[in-house]
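As you go down the protein sequences, you meet chains A and B in turn. Once you know that position 87 of the first sequence is 87 in the numbering used here, the rest is easy, because the numbers rise by one and skip nothing. Once you know that position 135 of the second sequence is 135 in the numbering used here, the rest is easy, because the numbers rise by one and skip nothing.
A couple of the hints might just be wrong.
Heads up, the list lumps identical chains together, so a pair's fine if it works in one copy or across two of them.
To be verified - Taking lysine-lysine and the DSSO-like style, the derived pairs with C-alpha atoms no more than 30 Å apart in a straight line are:
#1 K86 to K103
#2 K131 to K193
#3 K90 to K127
#4 K64 to K131
#5 K255 to K81
#6 K81 to K103
#7 K124 to K158
#8 K82 to K232
#9 K259 to K103
#10 K124 to K90
#11 K146 to K255
#12 K193 to K64
#13 K50 to K131
#14 K86 to K235
#15 K235 to K82
#16 K232 to K103
Keep in mind the hints are simulated off the structure, nothing from the lab.
There are 2 protein chains.
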Amino acid sequence: MNEHYSYFYGLMNISIIGTGNLAFHFSEIFMSNIDINLIEIFGRKKTLPKEFNNSINYCNCLTKLKEADFYIICVSDDYIKKISKKITTKRNNIVLHCSGSTKMDVLSDHLSHGVFYPIQTFSKEKKISFKEIPIAIESNSDRNLKKIRKLGSLLSEKVLIASSNQRLAIHVSAVFANNFTNYMRVIADEILKSNSIDTNILNPLTVETTEKLKFLNSKNAQTGPAIRNDIKTIKKHLHLLKGSNHFKIYETISKEITKLNNEL
Amino acid sequence: MNEHYSYFYGLMNISIIGTGNLAFHFSEIFMSNIDINLIEIFGRKKTLPKEFNNSINYCNCLTKLKEADFYIICVSDDYIKKISKKITTKRNNIVLHCSGSTKMDVLSDHLSHGVFYPIQTFSKEKKISFKEIPIAIESNSDRNLKKIRKLGSLLSEKVLIASSNQRLAIHVSAVFANNFTNYMRVIADEILKSNSIDTNILNPLTVETTEKLKFLNSKNAQTGPAIRNDIKTIKKHLHLLKGSNHFKIYETISKEITKLNNEL
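Sequences and hints are given; from them, build the entire structure.
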């Protein structure tokens, strides 16, 4: 009973370690959730950054952290291990990191540990609804996994269990679906700008590209000169890109899409 | 007066040449527009494909086409020139093609010709609102350009004049923003599948990636290991992709994003 004291009141006591984008969004959702008590946020700065709700307790000394059911580490991958080692825990305090590409066992100094990885991109300027965001979880024990799952279900409708290897695969796929997709638009915008064309003209196309994926799988949604093996058009495009950094990317991706064509 | 006879009734008389996706969407929007009279559709098949409204006149003999203010050629790039040559026109009949990467002058056999290129991806299964779709136009004379602009403004709020070279640049940029973006999702889905993970978990991320571009320009929206120059994570990802077709694409794009980092 004593071990579960915080659940006695029906609240999960949580500390957030970090003050970046993810820490910010967690703080917002935790503050608004009646089953969660956000105990405090740890950061290296003297005071809590001003975008955070100023009623949140702030602590800039890791050794002075209050006891919590969950310590959620939201710092850069390189610092997770180092910072986690400074947190003092008992069996009942679960230390979590939120990284897609960091193995769970960097936290193995703690008897109870796990991973809580929301599959989404976060920026402080933009509100986000957690309900739809899949959260990939992992833990060192079934008992902890249940607790982490419970925490996940308070935020999202889509909690999934994934091993460290599966999580790395999710992270790589997210790089393609988010970072590289955005970069495709960076290139598109550069081409337009260098031809004195307003970059906003691509917005409806960008929206429709995503919309289509709601009712078609990505392979069936593939269109364009490469999937049609339309060499003439590809040559015209490569001619236009000659001498630019984008030539190689166009060539490499088109080659791969052409292979997809042969598969179908 | 006689020359403009069709405008006398306030209607633009249009013939569509082709029965593909674009022809289908044009037919739908033309049928619903009170200023446009869709005279007929030309196709090679014996009858009009059944997805089209069956009240539309259909013709499968190019030499028997009725006179129209606009002949809108919606066929594959390779056939535009050949098909256009078979259409008999007077000065007052404007022949248009809708291709992003085909020069206007393939239509120069006709006294009045031009380009009408909607910057969007079309599939028959999905309804689309033309109002938002930018249409890039070009013409061989100012007089015709005005008429084409008028036609464009009946469909869309965003009609822009673009030279053949600018249009090619728009088309290349659309390949990046649409085809290559979709292919990034194809890769992401393949990685997930080969790790036994439901591909739907990426949907919220894909939506948010596009959403962000409504309030951030693409360069500022760039995130991920490459823009942070996070070599450790990039190496983990490349290790996971080793031996797959996606290795080279990951490597090539990451290298280019890293350059962007140095620019900023």
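Legend entry - Hint numbers not upheld by this structure, sorted from lowest to highest: As far as the earlier hints go, 3, 4, 10, 11 and 12 are violated by this structure, in ascending order.
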